[in-house]
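Please build the complex by placing chain B on the supplied structure of chain A, with the hints as guidance.
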Amino acid sequence: MKSRIAAALLGLTLLGLPLLAGADLGDLFSTIKQAFKPADLDTEIAIGHDAAATLLGASKPINEAAVQDYVNKVGLWVALQSDRPDLPWHFAVVDSDDIDAFAAPGGFVFLTRGLLLHMHSEAELAGVLGHEISHVVLKHHLKALQTAARLDLVSQGAQAVAQEKGYNSDLDNQLMDKVSSASRTLYSKGLDKGDELDADRMGVVLAARAGYDPYGLLAVLQTLAAVDPHSSSMQLLMATHPAPEDRIIALSAAMDAGKLEQFGMQAEGQERFEGVIKELIADTNKEKASAKPEAISQRILPAARP
Amino acid sequence: MSRWPGLCAILLVLGAVHAAAVSTAQTVVAGNLNSSPNSDASVVAAVPNATAVTVIRRQGGWYHVRLASGQEGWLPMTSIRYNSSGKGSVVPGTDWSSLFQSGRSGSSGATATTGVRGLNTGDIANATPDPQAVVDLDQWQSKPGQAKDFAAALPLTAAPQIGYLPQVKP
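Top line first, the protein sequences correspond to chains A and B. Numbering follows our numbering, with no gaps: position 259 of the first sequence is 259. When you read off a place in the second sequence, starting at 1, and then add 306, the result is the number in our numbering.
Only chain A is shown next, with the shape it has when bound in the complex:
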């Protein structure tokens, strides 16, 4: 931590030295120190709220209470098996036919309807939610957002400090303002590849601890590996994640080494999942029936799987 603060100070010095004449270096140091402290839970949730608002600004939750209720129950049950069971976990299916899922700090997890319709059982859903829950547990987005927001602050810090003292009190507000812009960048570019593979490995364990067949996530990745990676439905996922094939290779090796095969007989939850999906499709058909023929949407649909 000290070295990061020193690096930031060095950056500040390089960027803003001409402006620093007269500024109190002690104040400057405490400002930077505050910007680099680990987020407490309230700050994490506030950052997550901001990031979630950005994601939901791009794609709204679907208006299907039964589906949202179902996803929240599966998700919370899986999250309760994690090292952060007490977070205010929120899950939602968002209104897009494209394929992706997202996590935001503080316990927000979203997946697209397009991804949901590429699944075939509750165990598959639990695996995908387990992956996203793991991002939250491991604070992947929190760390990335804080770093991005801080770097932005640091580059502005020299000028701010030089211009007026009392900058410290505004620091949290300024940090939060930076989160929205950092979110737009982070969620369109993605995390480090290593973070994704870490979340895959933890996600299957959370699903297994929840009593599900741990191979659900691997099954979803196999389904996605058969979808044309250049299709529009895969654009966001491919831009923000390692290719499904690379994830399959890394995850299956870890699952073999961890002897998860012995839990392969755990629950699949296929019937309960199918009941919810059929309800979703029936409602979609009702909507279509009442819409004008030319407004009927032709959806991208998954390949058949056993």
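Hints are computed from structural coordinates only; laboratory data are not their basis. Values in this document were obtained by computation on a predicted structure and should not be read as measured data. Just to be clear, a hint being listed does not mean it is correct.
[To be verified] Partial list, computed: chain B residues near chain A (C-beta under 10 Å):
(1) SER348
(2) ALA351
(3) ALA433
(4) ALA457
(5) LEU471
[What the hints assert, rightly or not] In silico lysine to any residue, SDA-like type, Cα no more than 25 Å apart, as pairs:
(6) B:LYS449 - A:ARG84
(7) A:LYS259 - A:GLY194
(8) B:LYS475 - A:ALA225
(9) A:LYS288 - A:SER232
(10) A:LYS139 - B:ALA439
(11) A:LYS143 - A:PRO88
(12) A:LYS143 - B:ASP429
(13) A:LYS143 - A:ASP69
(14) B:LYS449 - A:GLU271
(15) A:LYS288 - A:ASP95
(16) A:LYS286 - A:ASP69
(17) A:LYS60 - B:ALA431
(18) B:LYS475 - A:ASP246
(19) A:LYS60 - A:ASP95
(20) B:LYS454 - B:GLN438
(21) B:LYS454 - A:ASP228
[To be verified] Cβ pair distances, simulated, as ranges:
(22) B:ASP442 - A:ASP86: 21 to 31 Å
(23) A:GLU245 - B:SER342: 40 to 50 Å
(24) B:SER348 - A:THR185: 52 to 62 Å
(25) A:SER181 - B:ASP444: 24 to 34 Å
(26) A:ASP86 - B:GLN332: 44 to 54 Å
(27) A:SER181 - B:SER390: 51 to 61 Å
(28) A:PRO88 - B:ASN344: 34 to 44 Å
(29) B:PRO472 - A:ALA239: 20 to 30 Å
(30) A:GLY194 - B:GLN332: 22 to 32 Å
(31) A:THR147 - B:ASP444: 27 to 37 Å
Even glycine gets a Cβ: it sits at the ideal position worked out from N, Cα and C.
Relative to the frame of chain A, chain B by itself:
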């Protein structure tokens, strides 16, 4: 106009038949077709790399498959890859597509044309935050007691003893 319900019914039946058609895949390594889904099971047949198989169902890390010869058995799931669903945005028929009334496509599957609600990197990069949508998520939030009842109903039995997986070189 009155023929539409009949036509829809026919399309639905065709879709259902198509959905019942099983998935095709091929092996990506040479291996053994086992008589049951575990590595200690007896071997039904040796299966070379790039063998076409029909997948019947999955159980844990294994697929129940049928070979062109008609022989059936189990292969580790990572020893096969599903055949690609094709170029462009056209995806073949599906178990779910048979239930959608798409209006135009029958058993050949849905075509991505107009009205698809997309979400791409540009949509996120240019998103206007919607804080109220985050507040509204509370209406669907589950309580731990509800999640536990929901799990018990399947039933799901928690297995907290399962340890995290270390990273291994594939």
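Do the hints match the structure? See the list:
no.	hint	result
1	SER348	violated, 17 Å
2	ALA351	violated, 20 Å
3	ALA433	holds, 4 Å
4	ALA457	holds, 5 Å
5	LEU471	holds, 4 Å
6	B:LYS449 - A:ARG84	holds, 15 Å
7	A:LYS259 - A:GLY194	holds, 22 Å
8	B:LYS475 - A:ALA225	holds, 21 Å
9	A:LYS288 - A:SER232	holds, 23 Å
10	A:LYS139 - B:ALA439	holds, 23 Å
11	A:LYS143 - A:PRO88	holds, 19 Å
12	A:LYS143 - B:ASP429	holds, 23 Å
13	A:LYS143 - A:ASP69	violated, 30 Å
14	B:LYS449 - A:GLU271	holds, 23 Å
15	A:LYS288 - A:ASP95	holds, 15 Å
16	A:LYS286 - A:ASP69	holds, 20 Å
17	A:LYS60 - B:ALA431	holds, 15 Å
18	B:LYS475 - A:ASP246	holds, 12 Å
19	A:LYS60 - A:ASP95	holds, 6 Å
20	B:LYS454 - B:GLN438	violated, 29 Å
21	B:LYS454 - A:ASP228	violated, 38 Å
22	B:ASP442 - A:ASP86: 21 to 31 Å	holds, 22 Å
23	A:GLU245 - B:SER342: 40 to 50 Å	violated, 28 Å
24	B:SER348 - A:THR185: 52 to 62 Å	holds, 55 Å
25	A:SER181 - B:ASP444: 24 to 34 Å	holds, 26 Å
26	A:ASP86 - B:GLN332: 44 to 54 Å	holds, 46 Å
27	A:SER181 - B:SER390: 51 to 61 Å	violated, 38 Å
28	A:PRO88 - B:ASN344: 34 to 44 Å	holds, 41 Å
29	B:PRO472 - A:ALA239: 20 to 30 Å	holds, 29 Å
30	A:GLY194 - B:GLN332: 22 to 32 Å	holds, 31 Å
31	A:THR147 - B:ASP444: 27 to 37 Å	holds, 30 Å
The structure shown violates the earlier hints numbered 1, 2, 13, 20, 21, 23, 27.
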